[in-house]
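Visitor: Below are the chains, spelled out letter by letter.
There are 2 protein chains.
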Amino acid sequence: MFELHLNGPSSGNPFKDVVLTAVFTTNHRQVRVTGFYDGGGSYRIRFMPDTIGTWSYVTSSSSHDLNGHAGTFDCVAPITPGNHGPVGTAHQYHFEYADGTPYFPFGTTTYAYLFTGEDNAVASLAGMTQARFNKTRACVLPKPLGKGVQPLPFPTSGTGTDGRGGTNDYTRFNPVYFQTLEKRLLELQKANIEADLILFHPYDAWGYKSMPDEVDEFYLRYTIARLSAFRNVWWSIANEYDLVKAKTMSDWDDFFRVTQTEDPYSHLRSIHHSRVIYDHSKPWCTHASLQSYDFEKSTSRREAWNKPIIYDEIQYEGDVDRRWGNLSAEEMTRRFWLAIVNGVYATHGEVFISETGESSWSDAGRLRGDSGPRIAFLRALIERITKAGLNEVEGAYYLSAGMGDEVLLYYFDVHRPARYDFPLSVTANFSATLIDPFHMTTTTLPGTFTGKSRISLSNKPYQAVLFQKVSSAKGKATPSNESQVPSNEP
Amino acid sequence: MFELHLNGPSSGNPFKDVVLTAVFTTNHRQVRVTGFYDGGGSYRIRFMPDTIGTWSYVTSSSSHDLNGHAGTFDCVAPITPGNHGPVGTAHQYHFEYADGTPYFPFGTTTYAYLFTGEDNAVASLAGMTQARFNKTRACVLPKPLGKGVQPLPFPTSGTGTDGRGGTNDYTRFNPVYFQTLEKRLLELQKANIEADLILFHPYDAWGYKSMPDEVDEFYLRYTIARLSAFRNVWWSIANEYDLVKAKTMSDWDDFFRVTQTEDPYSHLRSIHHSRVIYDHSKPWCTHASLQSYDFEKSTSRREAWNKPIIYDEIQYEGDVDRRWGNLSAEEMTRRFWLAIVNGVYATHGEVFISETGESSWSDAGRLRGDSGPRIAFLRALIERITKAGLNEVEGAYYLSAGMGDEVLLYYFDVHRPARYDFPLSVTANFSATLIDPFHMTTTTLPGTFTGKSRISLSNKPYQAVLFQKVSSAKGKATPSNESQVPSNEP
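Line by line, the protein sequences give chains F and P.
Note that the numbering used here has the first sequence beginning at 1, numbered continuously upward.
Note that the numbering used here has the second sequence beginning at 1, numbered continuously upward.
Please keep in mind that the hints were generated in silico from the structure rather than gathered at the bench.
The reader is advised that the hints may include incorrect statements.
[What the hints assert, rightly or not] With a Cα cut of at most 27 Å, we get these calculated DSSO-like pairs of lysine-lysine:
(1) 297(P) x 297(F)
(2) 387(P) x 297(P)
(3) 209(F) x 16(F)
(4) 307(P) x 247(P)
(5) 183(F) x 16(F)
(6) 460(P) x 460(F)
[As the list claims (entries may be wrong)] Sample of chain P residues lacking proximity to chain F, with all beta carbon distances greater than 10 Å (derived):
(7) 104
(8) 171
(9) 263
(10) 283
Computed from a prediction, not measured in an experiment: that's the story for all the values here.
Every residue, glycine too, gets a C-beta built ideally from N, C-alpha and C.
All chains, please: the whole structure from these sequences, using the hints.
Guide: Here it is as structure tokens:
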């Protein structure tokens, strides 16, 4: 990230009164970006170059002090090993980094991570790192936290319309609030964790869910100007958008369009629902962000939307009394595997009862559940066996996903056949590995397999079998689908 | 059962040529029943009286030898303790015996039980008794069994159109075949097991699934004449009717009507599907017999059909390679509980791989699985807590079923809240019992509970909680539904 710092006017309302942009140029390309006021007479313009070489820039502003600043800098190859650029969609239903490095989202949920206290943030990042999550869903605007949790700073001036007579001055942002966000965004970036930034949400005690229309857009433009040069940013237009009663579908569409227009880098854009699924075929959605665990609908949804799908809320591991918050680690692990063999991705969440006012993990706190290591085990497996991702095998008798002839992954869920005649391709020889997803064991069988291959399995449910191509085979490519067809009996 | 034995003509084809009926009379009531030819010049008329007292009868026949036989007998109160008469529907969505004794179907599947070899039948009955199943689904017409299993007798004369040049003489039945069925039916009756008799099915190697129309009806009338006086008979018109390609929907409707007309006792009538659900709102269906485990649709189906529902195939415990035949005992137990808290019933099945040609349980053989005792545990629980059956609590936040204010049974499935505020009625005081359905433990909590009651639960999934009314309470009957409404967050 290149950042240009300029000093300018601090009188009046610089957030509203001062226009500041810059054009960045390399060879024949020009990229126009918007700067922002950072308080105390400071202005910043941030830029994320995508091409190695010399860039020049020149500023334009309604303020004489800020206008016409020009300069050059060299964009060099990434120095930090984890820097592969921003994540985009790839291979129709999957993702990858800008430099072509595979990226498979195995994310979690820490809504308050960006604005919570330092202790919570440290604990939260430690948990994410330990469990190897590579994405987290986090709110930009504050949400109420547990009792005993310290009051938040506010993103705008004023004291919040919290029913105690306070007011929000929506014409002035609080730079300190955003500086905290940015510090945390960088911490995520250093840990190779993508930040799925939730721009609007219904969990609000101060009026941010029902700001006037022009304020919503004012806030959006400011946030995008500040944050879009962070390479690990994704835009989640809203969490549970359909629970934000003050907004209409056309508001959500507008926010997508503003985000698409204002973000020079086209970071990933999605919107997350509660009950009413957004029409993800709309062109500004880069992928679907669902709340559900009806993975059996994945295939028809992928075909309808032609985009990757992340099931971003599949209920939470935990023990609270709400239905969404008391899954066992076994069930959470199972849902991640079901997602993968259905060609989609899932997102973790956790919430345990706290008597002491301690923040739950999903607000940003300490990780207490047992699914984390199992999800990391699955992530490591996927990263080892494919560069592109796995697509579900349509019409397969047992749930399975693969990519070309290279790899085929079965997940048997509740089924526990003593043996199965796997209908492998006859054009390749495969290694076979038995996997216990919860106990995290792998057992590679001796020899190779091609065509219809009978393999004995354990008598346990929730087991997986992985086939990987080791060489070509001489079989003619007319595999029998016989064993794909269910018997009529009984 | 009263049985009148008469000798008559054995020349020609008595099955086809001789008409034999009788009218049984007590006081002002008359019941007309049909007799049947049992081979060797023997004719029988069976009658199941439903009223204590003196009955008289007189026969009518196209044969002079069989015509005009008259007599009387006394119908006395049941002598055997398990005899409560036939089972019928009751309480809208449930069942009971004719004498008003509660009957809750906890059945299993032994397709070949009626016509298999004696060793298999003995083993099968021992398993049913041990696991306390009180219903079994069994085919009247033969089905192919595993390799090494002895050839069957045939229900009709001839050698079967098995592709080896045999033929069926559909105009003559084989009395020995039916005598075996009846012996087995009586053995079930003695063990208090209802026989859900499958009249047609698609698993056939001898032409019985595609007999000419008039033969189907000929077979139906003969079977009903022979078997309807057994009090433990239910009629399942077909198994997987939609897989019997030679028959149309109007054939199935006809079979229902014939069965309804010919059976003087109106035994329970249902039809079992594979993929295409029969319209169970048709008036001749007494209850629905489903193949599925989508219990979440139970409520809408009960309301649409206004009848009891038995999920008669919910997949099988076992280890074969087909999806329907390799559930764990845990998953089978779970599905039974899901059925109960959705106000419906489920049926057990089991199939394990046999290398030796041994019959699987579901064909009639040895019971090897572990769900049997768990199903018996659930049956004993239901029999202890209700006389009518349980209906699902519509709109409940967690799955639960009850009957009036007397009893309320929760099943938490994958959910494992550390505690829950149960929204109990304020008009009663309840005892509370924690139940582990798989480990078959019950723990009754001290004290009683009324109104919103917080109870701590274990951290395990698949647990249940039972509330039973112990006394009336003084609360006003305006219970808050607050805790029934899911929180919006997150």
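Visitor: Against each hint, give a clear statement of whether it holds in the structure.
Guide: Hints and how they fare:
no. : hint            : verdict
1   : 297(P) x 297(F) : 17 Å, holds
2   : 387(P) x 297(P) : 25 Å, holds
3   : 209(F) x 16(F)  : 21 Å, holds
4   : 307(P) x 247(P) : 26 Å, holds
5   : 183(F) x 16(F)  : 25 Å, holds
6   : 460(P) x 460(F) : 19 Å, holds
7   : 104             : 24 Å, holds
8   : 171             : 29 Å, holds
9   : 263             : 25 Å, holds
10  : 283             : 28 Å, holds
The structure is consistent with each of the numbered hints, conforming to all of them.
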